[in-house]
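Peer 1: Sequence:
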Amino acid sequence: MKRSPKDNEDSARRISRRAALLGGAQLVFAGVLVLRMRSLQLGQSEEFRLLAEENRINIRLLPPARGVIYDRAGAVLATNVQNYRIVLVREDAGEPREALERLAQIIALTPEDIERAEREIMRHRPFVPVTIADQLNWEEVARVAANAPAMPGVTPEVGWTRFYPFGAEFAHSVGYVGPVSERDLEARENPDPLLMIPRFQIGKIGVEREYEETLRGSAGHRRIEVNAVGREMRELDRQEGDPGSNVRLTLDRQLQAFTLARLGEESASAVVMEVQTGNVLALASAPSFDPNLFVRGISVADYAALRDNDHRPMSNKTVQGAYPPGSTFKMVTALAAFEAGLSTPDERVFCPGYLDAAGRRFHCWNRGGHGRVNLTSALAESCDVFFYDLSQRVGIDRINAMAERLGLGIRYDLPLSGVSSGLNPSREWKRDRRGADWVIGDTINASIGQGYVLATPLQLAVMTCRLATNRAILPRLIHSIDDVEQPIPDQPPLGLTPAVLAQVQRGMWEVSNSNRGTAYRSRIVNTEQRMAGKTGSSQVFSITAAERAAGIRSQDQLPWNRRDHALFVCYAPDVDPRYAVSVVVEHGGGGSSVAAPIARDIILAAQNGGLPALESYPTPQRNRIETMIRTISDQIGPPATPDNGRSRA
Numbered sequence: 058m059k060r061s062p063k064d065n066e067d068s069a070r071r072i073s074r075r076a077a078l079l080g081g082a083q084l085v086f087a088g089v090l091v092l093r094m095r096s097l098q099l100g101q102s103e104e105f106r107l108l109a110e111e112n113r114i115n116i117r118l119l120p121p122a123r124g125v126i127y128d129r130a131g132a133v134l135a136t137n138v139q140n141y142r143i144v145l146v147r148e149d150a151g152e153p154r155e156a157l158e159r160l161a162q163i164i165a166l167t168p169e170d171i172e173r174a175e176r177e178i179m180r181h182r183p184f185v186p187v188t189i190a191d192q193l194n195w196e197e198v199a200r201v202a203a204n205a206p207a208m209p210g211v212t213p214e215v216g217w218t219r220f221y222p223f224g225a226e227f228a229h230s231v232g233y234v235g236p237v238s239e240r241d242l243e244a245r246e247n248p249d250p251l252l253m254i255p256r257f258q259i260g261k262i263g264v265e266r267e268y269e270e271t272l273r274g275s276a277g278h279r280r281i282e283v284n285a286v287g288r289e290m291r292e293l294d295r296q297e298g299d300p301g302s303n304v305r306l307t308l309d310r311q312l313q314a315f316t317l318a319r320l321g322e323e324s325a326s327a328v329v330m331e332v333q334t335g336n337v338l339a340l341a342s343a344p345s346f347d348p349n350l351f352v353r354g355i356s357v358a359d360y361a362a363l364r365d366n367d368h369r370p371m372s373n374k375t376v377q378g379a380y381p382p383g384s385t386f387k388m389v390t391a392l393a394a395f396e397a398g399l400s401t402p403d404e405r406v407f408c409p410g411y412l413d414a415a416g417r418r419f420h421c422w423n424r425g426g427h428g429r430v431n432l433t434s435a436l437a438e439s440c441d442v443f444f445y446d447l448s449q450r451v452g453i454d455r456i457n458a459m460a461e462r463l464g465l466g467i468r469y470d471l472p473l474s475g476v477s478s479g480l481n482p483s484r485e486w487k488r489d490r491r492g493a494d495w496v497i498g499d500t501i502n503a504s505i506g507q508g509y510v511l512a513t514p515l516q517l518a519v520m521t522c523r524l525a526t527n528r529a530i531l532p533r534l535i536h537s538i539d540d541v542e543q544p545i546p547d548q549p550p551l552g553l554t555p556a557v558l559a560q561v562q563r564g565m566w567e568v569s570n571s572n573r574g575t576a577y578r579s580r581i582v583n584t585e586q587r588m589a590g591k592t593g594s595s596q597v598f599s600i601t602a603a604e605r606a607a608g609i610r611s612q613d614q615l616p617w618n619r620r621d622h623a624l625f626v627c628y629a630p631d632v633d634p635r636y637a638v639s640v641v642v643e644h645g646g647g648g649s650s651v652a653a654p655i656a657r658d659i660i661l662a663a664q665n666g667g668l669p670a671l672e673s674y675p676t677p678q679r680n681r682i683e684t685m686i687r688t689i690s691d692q693i694g695p696p697a698t699p700d701n702g703r704s705r706a
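Residues 58 to 706 (this note's numbering) make up the sequence shown, in order.
Check the hints yourself; a few may be wrong.
Claimed, not checked - DMTMM-like mimics (lysine to aspartate or glutamate), calculated; alpha carbons at most 20 Å apart, straight line:
(1) 261 <-> 249
(2) 261 <-> 241
(3) 261 <-> 359
(4) 261 <-> 243
Said to hold, decoys possible - Label pairs and their computed distance ranges (CB to CB):
(5) 666 <-> 538: 22 to 28 Å
(6) 545 <-> 183: 56 to 62 Å
(7) 240 <-> 542: 33 to 39 Å
(8) 454 <-> 475: 26 to 32 Å
(9) 423 <-> 454: 17 to 23 Å
Don't read these hints as lab results, they were simulated from the structure.
Please read these numbers as outputs of a predicted model, since none were measured by experiment.
Even glycine gets a Cβ: it sits at the ideal position worked out from N, Cα and C.
Required output: the full structure, derived from the provided sequences and hints.
Peer 2: Take a look at the structure:
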């Protein structure tokens, strides 16, 4: 059909409009393209020029601030402090030896420091900053900064490092941090990328290690531009990480300091607990060491001095040391017999100084004997024969069960390194471990805490808490995390017969308050602070027949490492007890003469909330005690000021 002129005109008009729209769109697109090309060529030309030289964007992790550790009152036990250091970049500094010798004229660098730094520099690529010196003070950093124009490639920097304000006082409990090692990485299945940062520090022992993830925090990052050989060109942006959580312990700094100072130069340990809550107030292991030595890497000489010390300063004896509990175990044997109805507290046993059983003679510590004794006098005078006799009736099965009930042979879940479970022996244990049957002599030895029985000072403190309360007290070390209090463990009743337990407690009271008690010389005369306790001495080696023939008759005549361990456990006040203490002095000799005086001073310090009061001591002892307290006061200094969170770096 033939189109009319009007149709052709309308069609042409529509085509023109479409062409105009299409042309306009093309012009807009071309304009945007031109503007973008102009931006790329002019505005971002420098950025793309660098990218054209094979630059790339890298993400670098930023280590977070580590959480602060406090004592129960807010005293800072572990914090972060500024660390001024000097770094050198070889490609900017020129000849390393010359640069180091110039630097040595400004800050103290020994020839050995220079040799070490030069080796470190040559191990890295020329553009990598190498730390030459750290832990510098502000004056040293300022001198380097002032001389910077004359020392290209040498730059002062500031970072953060861990610091322990009270040094040796909390080394075993708080622990310390150190640089990540290959061993640390191998021990983790999927290690946190933070651990790959050079010189990054993680917890090595104690709370620092066990709460590593809590204290560490999460990483931040910065986006940087680096060129083809890995040299940093510029920082594009930065996002800081989340700091680690703060941890508050149940430990009391003032009591911890007093306890460690009171142990003195002995190879010893002491634990202080609140009997109602299980809060651990002091964990002192002597001798100790300064954890700050380990933060940046301890020297060979310092480490050798610690390693070769026969008093084992790096061992946390409070939880790692397992000792025969000696006579501090006698309450276990007594309760096992009385709860089973196999004896009564009024029963008397004659002690001639020994007991014959199973073809052997078992001696009492008092070779002359104690005569007729009952439970109270047997505990007060620590008669061995009384418990030898009980043990043959009660048997090891009941003794084992009662020991577990009182908290022995249990590994407590505390954030400490190498916590030992001790040893609460049984028939099955001896059969499995020794390949032999249990015999009556084993039971007799176990009844007085000898033979196979082993206990840690922490376990002995827990046992004492349970004897004081008749409840299954558990130790607690973490008070709160970021001010959120951690729950106190359940403390169900032990179910011991109150009348029987009262008789055992009476015997413990007489140990330190009866003039026939083994710890009477360590009594507390203040009636509101009196303690109930038990002495113990655990044999390490026997005096041989040859030594006796040579005239050796006493512990004092033996070499130090062959003497008996000295032990003492106690709680106070004797009415409504609040605190329990255990003390073990390695190779100290007698529990009554060595461990009991230490425990008395510690439990008085706990009750006083500070230094012991002279009025609590027998009058003849006060001059000596006053001198001792003054000396310790000078050592530990004034109470720490609470930080209240200001130390987070």
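Peer 1: Broken hints, numbered, in rising order?
Peer 2: Hint 9 alone not satisfied by this model.
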